[in-house]
Structure formats: C-alpha cells, structure tokens
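> In case you want the letters, here they are:
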Amino acid sequence: MFKLALASLWNRRGSVWLTILAIAVSTLLLLGVERIRVQTQANFSNTISGTDLIVGARTGSTELLLSSVFHIGNLSNTLSWQSYEHLRELPGVTWHIPMAMGDSVHGFPVIATTDALFAHFKYGNKRPLAFAAGSPFQQHEQLTIAVVGAEVASERQLQVNDDLIVAHGTGEISFSQHDAHPFRVVGVLKRTGTPIDRGVFIPLAAQGLVHGEYLPDSEHDDHADEDHQHDRHEHEAHQEPPVYTLSAVLLGLENPALALRLQRTINTYRGEALSAIMPGLALQNFWRTLSLFERALVAISVLVVITGLLGMLTTLLASLRERRREMAVLRSIGAGPITILGLLVVEAFVVTLVGVMLGTVGLYSVLIFGAELLQQQLGIHVSASVLTLRELYLLLAILLAATVLSLFPAWRAYRNALADGLTVKL
Amino acid sequence: MSTCVELKQLQFTWPGAQLPLLSIPELTINRGERILLRGASGSGKSTLLGLIAGIHTSGPGQVKVLGEDLASLSQHHRDRLRANDIGYIFQQFNLLPYLSAMANVTLACQFAPARRKRLAQQSITAEAENLLTRLGLTSAQQRQPAHQLSVGQQQRVAAARALLGSPALIIADEPTSALDQAHRDDFIQLLFEACDAQQTTLLFVTHDATLAPLFPRSIELSDINHGSGGRDV
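Line by line, the protein sequences are chains A and B.
Using my numbering, the first residue of the first sequence is number 1, and each one after it goes up by one.
Using my numbering, the first residue of the second sequence is number 1, and each one after it goes up by one.
Worth double-checking, as some hints may not be accurate.
[Said to hold, decoys possible] Covered, in the sense of this in silico footprint (three residues per stretch, anywhere, with C-beta under 8 Å from a C-beta of chain A), are these stretches of chain B:
{"id": "1", "stretch": "73-83"}
{"id": "2", "stretch": "89-95"}
{"id": "3", "stretch": "108-115"}
[Said to hold, decoys possible] Not close to chain A: a few residues of chain B, all C-beta gaps over 10 Å, as computed:
{"id": "4", "residue": "N30"}
{"id": "5", "residue": "E33"}
{"id": "6", "residue": "G59"}
{"id": "7", "residue": "P60"}
{"id": "8", "residue": "E68"}
{"id": "9", "residue": "L99"}
{"id": "10", "residue": "A120"}
{"id": "11", "residue": "T138"}
{"id": "12", "residue": "Q144"}
{"id": "13", "residue": "G152"}
{"id": "14", "residue": "Q181"}
{"id": "15", "residue": "D186"}
{"id": "16", "residue": "D196"}
{"id": "17", "residue": "S222"}
Hint data in this document are derived by calculation from the structure and do not stem from the laboratory.
We treat Cβ as the ideally placed atom computed from N, Cα and C, and that holds for glycine.
This is chain B alone, in the form it adopts within the complex (with noise of 0.2 Å):
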C-alpha cells in the first residue's frame, strides 16, 4: 500500500512564535486508509491540515503529499495539487452562499483539470447529480441556492464537492461540530461509503472523541505533537 500523506521531523513555527506549534517525528497515513485525528482547540489540528492542504509551507522533505515534497513546490504547483487530489470540509460555512448546490459541487473542478480529467467519461453535471443523490439531497434541493439549505444538507454538499473527480485524498475539519448527533452519524456513514467506492484516504479531524470507534485508526494529536500545541493541553 502506497503512501498519501508522510510526515518526518516536521516543525512548525508560526512567525514570531517562540516555540514551535508542531513537532512531529513522523507520522504516515497510508492510502485508502480513514483515519480519525483527535485534538483539542488550540492544539495545532487547522495548522496542520493548513500544511497538509498546501496553504502553509514548512521545511524541505518534512510533509509529502503523494509522494511529493510540498516544500519543493511553488506556490501555484501546491495549490494545483490541492485543487485536482484533495477534498476539504470545513466545519461550516463550506459553501458559497450565492450559487446553488450543484453549482458549489461543480465548482470543485474549477481549478483542477485532473479531476475534470477523471470525469472524462461522464459530463461533471451528471457526476455532481450523482453524488448529491447518493448524499441525499433531492434534485428540487440541488438547484436551490446554498443559503437556504439547512446545514447538515449545506455539510453534504460539501462532501460531494470534495469527493467530485475522485481526489486521493478528502481532508475533513470537524464537518460533524455543526450537527446534532443522529446527523452526525449518518453524514459520518455516508462520508465512509462514498470514500470506499472511490478508495479515497479519509483524515477526518475533530476534538470529539465519541467518534473514534468509527475510524478504524485514530491518533491523538497531543501523543505525536511534541511541539507547543501539544504540551499546552
């Protein structure tokens, strides 16, 4: 099994910090693999991800990303790799307000001609249809705008927007925290059942610990962080 995401002697430090926010030896998410990372607020969680996602840049050959060290790329080859193989939800607000639901999804191919690339076969439309249906959401819904969709629906339509062309790897940052509880399990199944079919890597990041006898991994920050994130909780 090839590897997704490595990391090795990461340091992180945010400008004018004294201490790095994160130090980790190492860490290796396989793919396919769906893991669940724990941590608390404060604890360096979106700072890592942000360095996952390519947003922030740390030193040469600390984060690799299929197999590519992100340090090594140029700030538009970073966003391309983040634009065409990984998905992300945010907690809330992940949708533009203004479009509709299909057109958020659709929107995800904007900048990403690999995933346009992978939907050769079929039209992206019919694809985002798809994967809207798969999710729920009836097609009256789809072509609603996205404000007056309720925010589990709006946290569905962010997960089909992520897994639309089939990105290597789907980064989730607390999609659940804006969901009671029944919510949060099925938009959880429905997240596992729509990665398996695309054998998509799941890193799904959240500080509520009820939920890691889903994932069949889970990693506690604070066990790996050795950095300020992880010392201060």
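Bound-form chain A, shown alone (with noise of 0.2 Å):
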C-alpha cells in the first residue's frame, strides 16, 4: 500500500512539489522563528551578569537599561560626576564602572568609561571580558585612544594602532566630526556575542577633552565654570574631573543580598533624583515587553503553517475527482474502503514527512550559510544546533496535524468508494 501512494504521488509529482514546498517553507518559518526566538532570548539574559545595580538620573528602568547594557537610545538626563563620587563610597560597593555615551563611530557607540570596564565587567556565565589583541588604557600615555568591540574590528577591519574618527551623535552619518583628534586603537576585544561587541570605548578623560575644546556651547561646558573651583579629582592632567556628567554606572557589591537596601538608598539620594536598578529583574520586565511581539511572531508562523497544511488538503480533495477511476480500479482488484482511505492518509503523511525534511534542511542551510549575513544584517545571532525536544514536538505536531486533516479528504474518498462502487460517472 504505502509502495502505492508513493508511485500515485510520482505520477502527480508537479502540484505534490508545490505541496512539498509549501509545506517545507512553512516548517522552516516555524522553527526558524522558534529558533530565533529561544536564542534571542538567551542571547539577551546573557548580555550582563555579575553587575548588581545599574545607577542613572532618574528615569524609567527599561530606558536605563537599554541604554547602559545595549546602548539603544540616548538618555536625556545625566547624573553628575558628584553623584558618582558618592556612588562609589557607598557602603558595600566593591567595584563601579562609570560610562558616557552619546558619540559614535560608524554608527556604533562611543562609551567613555574606566579600566574598570575590562577588569569588572561580566556577561553570559560570568564571564570577564577579554582582549583579542591589544591592552586596556591605562597602559597608555596618550588620551585619545580606544579599544573597540570584536563585530566593530571586524567590520570597519580595524587593528591595533589604527585610527580612529569619533562623531557626535549617534546616527551613522554625523556632520560634527571630531576629527581633530583622531582616535588610536590600542585593543580588541574578544568576542562575546552581546552589544559590547559593537562599542567603542575611550577614556572617560578623551571624551571630556574632545567635547570641551570642540563644543564650547556643550551642556558639558555650562557645568564647567560653576564646577571648576570644587574640582577635587586626582585626574593626572588636569585637577578636574575628567567629564562633568555620566550616563550610567554600573555597581558591583560585596555581597548581592545587599542590593535592594543600596537601591532604596540609591533611589532616595537628595543630591540629585537618581534611579537605581537591578539588570537581571529589569531585563525580565523588559523581555515581558518584548514578548507580546514574539508571541505575535510564533502566532503568525502558526498560521502559515496551517496554511501549508490546508493547501495539501486542497490539493488532496481536487485530486480525488481525477482519481476516482483509481479508486474503482483498487476496489475492483479487492481493495476495501479502509484501504482508499488509508492510502490518502499515507500519501498525507508522506507528503508532509518530506517537506518538513525538507524544511529542517532548509533551516541548517540557512543556518551555516546564512549565520554570518544574519549577524551582520539583523544583528541576529543563531547558532546550528541540533533540533531541540521542543523543535521536534512542533515537527511532531505538523505530522499529526497533516495526518489528522488528511481524514477529511480521506473520508469523502471512502465515501465514494461506497457509493461509486465499480461504475464511475464522470
């Protein structure tokens, strides 16, 4: 039986091709999604880890988030350099890593911050950040360096000892460029799959030196004056401090349990409104945000395959009027109802078995090959890694759902084997 709905099928290879192909896109949409989805997701709660409280000007946790951890968007609000200095005396505070942003190279990120980047900060499982090539700052005389994350080294193909232009603003094309003081790369990071790998960092001291000398009228400089008596940084240069505002600070403690009375403090500070976070609880909310888009995206891939399958059912309920000859024939030669019926539900399920296949070798093609264009164009990184137990159940369910639809048009044609019995009008 099955030997004969596989030559029954060959003989309507064109439309059951199509069916195939509809069937495989479909798959490969599915589990593509589910793939992205899953690994997004990982990808995202990996991006910081081991930073226990993230410090900003007051505003929304997701804003600071985004901006601190992703470097999305632009915070409109500052916290003052005073306030970091008291930031880090807080009891408790281990290490605190302070970051400015607002300026970009190529459309990547500019963040000012400290050494205390490379030596303190983790992502994934804990893990430091390491250089590919290069050194951290402090290994250098000069000002105006950077150590650029691994995607922009390999895409603007930078090396040690290049230079480097820094732009204000953050978009990728910017008519204010600092290009008096071009940048040099003295390190590479390794990569690590989260948004460091698209930062430039500089010294917090050369973004202060490039904004004061080439936009006097920068909101850096207002503070300038009034801040300029009460300098008491131990800054080598000057006897200021190195920048006047920050964006971000990101504090490591002693001991986590501490965080949620650091944040209350934090967040009642009276020098200044500030808001305090804790990155692991604020990305959970964030992600929640985020999930009604990628419930949205499951949805609609869903949907297609459903689709795919009903277009196999249309294909299978037309080819039952050209095929009632066949069917006359099979009863003719012995062939019971059950048997009509069981043949289309094998032909459905052939039909389907193939084209998921087909779908999930799609979906490996578009992975190996496709890996490095993702990365690049979408900013998406997916790895080609055996099917899950979640991957197969959906492989699963289209199986059974092809199978289960397959009854219908396999019904009217046990229908019509009744009643056609060996005399077929056509």
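Once you've looked at the hints, go ahead and assemble the two chains, each given alone in its own frame, into the complex.
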C-alpha cells in the first residue's frame, strides 16, 4: 500500500512538489522563528551578569537598561560627577564602572568609561571581557585611545594602532566630526555575543577633552564654569573631573543581597534625582514587554503552517475527483474502502514528512550558510545546534495535524468508494 | 457441475427510487460456463455486476457466489472474496496509468492471498509475464507505463490482471466497446483461450448483440429482469 501511494504521488509529482514546498517553507519559518525566539532570549539574558545595580539619572528602568547595557537610545538625563563620587563611597560597593555615552563611530556607539569595565564587567555565565589584541587604557600615555568590540573591529577592519574618527551624535552619518582628534585603537576585545561587540570604548578623559574643545556651547561646558573651583578629582592632566556628567554607573557589591537596600538608598539620594535598577529584574521586565511581539511572531508562523497544510488538503481534495477511476480500479481488485482511506492518509503523511524534512534541511542550510549575513544585517546570532526537544515536538505536531486533516479527504474518498462502487460517472 | 453464481428472487432498489431496478426471479451460472449477458445501457447491467462482485448488497439469500451468500458476509469478506475469486475487466481505463503493465497485472495479488497461494509454485511475476506474453504483449511493452499502451493493449493487460492466480469467475463489463472489430474479435478469442486454460467462468456483459454467436450461452437481461430496468427498455 505504501508503494502504491508513492507511485500515485510520483504520478502527480508536479502539484505534489508544490505542496511539499509549501509545507517545507512553513516548517522552515516555524522552526526559524522558534529558534530566533529562544536564542534571542538566551542572548538577551546573557548580556550582563555579576552587576548588582545600574544607576542613572531619574528615568524608567527600561530606558536605563537599554542605554547602559544595550547602548540603544539616548538618555536625556545625566548624573553628575559628584553623584558618581558619592556612589563609589557607598558601603558595600566593591567596584564601579562609570559610563558616558552619546558619540558614535560609523554608527557604533562610543562609550567613555574606565579600565574598570575590562576588569569587572561580566556577561553570560559570569565571564569577564577578554582582549583579542592590545591592552586596556592605563598602559598608554596618550589620551585619545580606544578599545573596540569584536564586531566593530571586523566590520571596520580595525587593528591595534589604526586610527578612528569619533563623531558627535549616534547616527551613522554625522556632520560634526571630531576629526581633529583621531583616536588610536589600542585594544580589540574578544567576541562576546553581546552589545559589547558593537561598542567603541574610550577613556572618560578623552571624551572630556574632545567635547571641551570642540563644542564650547555644549552642556558639559555649562557646568564647567561652576564646577571649576571645587574639582577635587585626582585626574593627572587637569585637577578636575575628566567629564562632568555620566550616563550610567554600574555597581558591583560585596554581597548581592545588599542590592535591595542600596537601591533604596540611591533612589532617595538627596543630592540629585537618581534611579538604581537591578539588571536581572529589569531584563526580565523588559523581556516581558517584548514577549508580545514574540508571541505575535509565533502566532504568524503557526498560521503559515496551517496555510501550508490547508494547501495540501486542497490539493488532495481536488485530486480526488480525477482519481475516482483509480479508486474504482483498486476496488475492483479487492481493495476495501478502509484501504482507500489509508491510501490517502499515507499519501498526506508522506507529503508532510518530506516537506517537514525539507524544511528542516532548509533551516540548517540557512543557519550554516546564512549565519554570517543574519549576524551582520539583523544582528541576530543564531547557531546551528541540533534540534531541541521542543522543536521536535513542533515537527511532530505538524505531522500529526497533517494526518488528522487528511482524514477529511480520506473520508470523502471512502464515501466515494462505497457509493461509486465500480461504476464511475465522470 | 457446481454453480458459480446463483441469483434467487433478487430485488434491488437504489435508495430513493420508487421501483426496484432489478427484479430477477432466478439465474444460475455454472462453473466453467462462458456467458454473454446482453442489455441496453441503463438496464441495470452494471448494478447487477456490482451485486455479483459484492460492491452493492441486496437481501439475504438473493445472491450467492461460489456458494457464499454475499449478504451474510461482512464488507471485508466480500472485498476479500472479490480479490481472491473474481477478475474484473472494465470497459476502459482499467489500469493505474502510472504503473507499468507488469505492475498492473501483479497488483491483482496485492489484496488476494488466495491468488498468491494458487500461484505458490511459480513466482507472481513469472506468471504475469507468461500471461502477458500469451495475450500478445512484448516484454518491452510489459515494462512500459500503462498510459503509453494502446487501448487494445490496455484491455489485454486488464485481462491478464483478471486472470492472474486463476480466479473462479471473470466479469467483463463491455471490455470490447472501445475496440474496433478486428481487435474485438481478437480480444474475445484470447479471453476464451485463457479462460479455457484455467477453467474460469466468464460473465461477459455487452450491449452489442452481434457478439452473441460467439458465446455458447447468451442471456438477454430484459428477459429475466422484471424490475424497472427491464421495463424501461
């Protein structure tokens, strides 16, 4: 019976191929969406770990998270250097990473920070940043130096000692370029799979220098006059803070359990309106808001699968009419109506199985050959790992749905077989 | 001589019809007989064949094939009886177009364990080849897909399928109506020879009265049928 079904399918291979293709494409889409969803979530929660608090000017937790961890968006509020000094003196704080953002290089965000970033920032399963080449800031006399993330290095083909022009603003094309201050690349970070890969890191003082000289009307210099007298910072070049404002500060604590209490302390700080967030919690909240899109995406791909299966149903139903003759012949040589029913179910199963397999093969070809493109164009990192149990369940669900759906035309064929008998009125 | 097909007080009415299409008091066909059943279109020929082949059913005791009362058999048993003991030849389109002539013939054994058993000594393909060769198909034609064969060749392949495994009864439903006269006579001659060799009963149905002289016994359906099928014509 199996061979008979195959032979019959082969006879109608034109339309059968199209059906298989539709199922393959819908399978590919479903698996692809599922994979992107799972891996994005994993990448997402891997972006930061080991940081207990993120502090910024009073703002929403999502904005602060986006700007400090994902370098997306532009914080309009900043916190002052004085607040930073206050923060690092708080009890229980073991390390602190200041961050000032706003500039860009060819669309890559520039983050002004200190060597504390390379020493204390952790991602994934508490993995520290590592240098693929070069070294952190402190080993260099020069101020206008930069450490670049792996993707910046590969996309701009940067190596240690190459020059870099920093532009003001975060757009890819900027009209105010700080080109009098070309930065020298002193380090390239290893790939992390996080937004760090897309970052250009410069010393805080370098940002101060660039902005102080080239944008005299900027916000920084408004403060400059007031803050001039009481600079008590130990910066070598000038006896004043390297920058007057920061976008965010990452804090590491002696004991993570202190985070909650410290968060309250910071949120009620009198000197300036500050917000402190716990990155894990904020990531979770943020992901929850994204899950709406995620669910919509899954729903769409499920609908596409249903469309594919309905296509198969249509072809099967349409073929029944022209195949009544075939059924009558089978009946005449003793095939029972159940056999006819089975024939159609087997047929649908085979078509779906081939489609599903083709779709899976397609997914892997995309993952293997298109991974580079996906990463570059969409920034989505998806790996070609083996099928997960969940993905296998999805595939089985497609097969099951197809088999159940095929019962409908199979039932029609069964009824036809009983009614027509051996005489077919065409 | 034992009976092959026995009809007794057969009454058959299609669902929704007022009058019975078939009402046949009695008809007996003995084993090994070659019978021509003549009737005009619409006279209930095909329905009668469907009843004998066990596709349709009537009341108990009305149709007996090889001693079995078809009405008392389950659907599955009737299908099995047809597979094992009845070869069926249609007017045309007998074959699955996507299978080779050979595969179409051996298909007869797919649902018929008894046919396979009867062929136990020789392989199914060897016997199919044998039959096809006897019916005049070259070995190249035997391997061709069925849709590439001429209508005459297709009918001969259908005959070979009906004959494979020596069923007790061959029902031929106007098998020659798509053939020209030379091919028709040829085909009937071949069919006779094959049936004789296997001692198979042949029930040959046609609307063509000119074939009657070729058969030892011919029956006019309208003579035996008192149902609406008989009256209308």
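> Hint by hint, which ones does this structure get wrong, listed from lowest number up?
Number 9 - this is the single hint that the structure violates.
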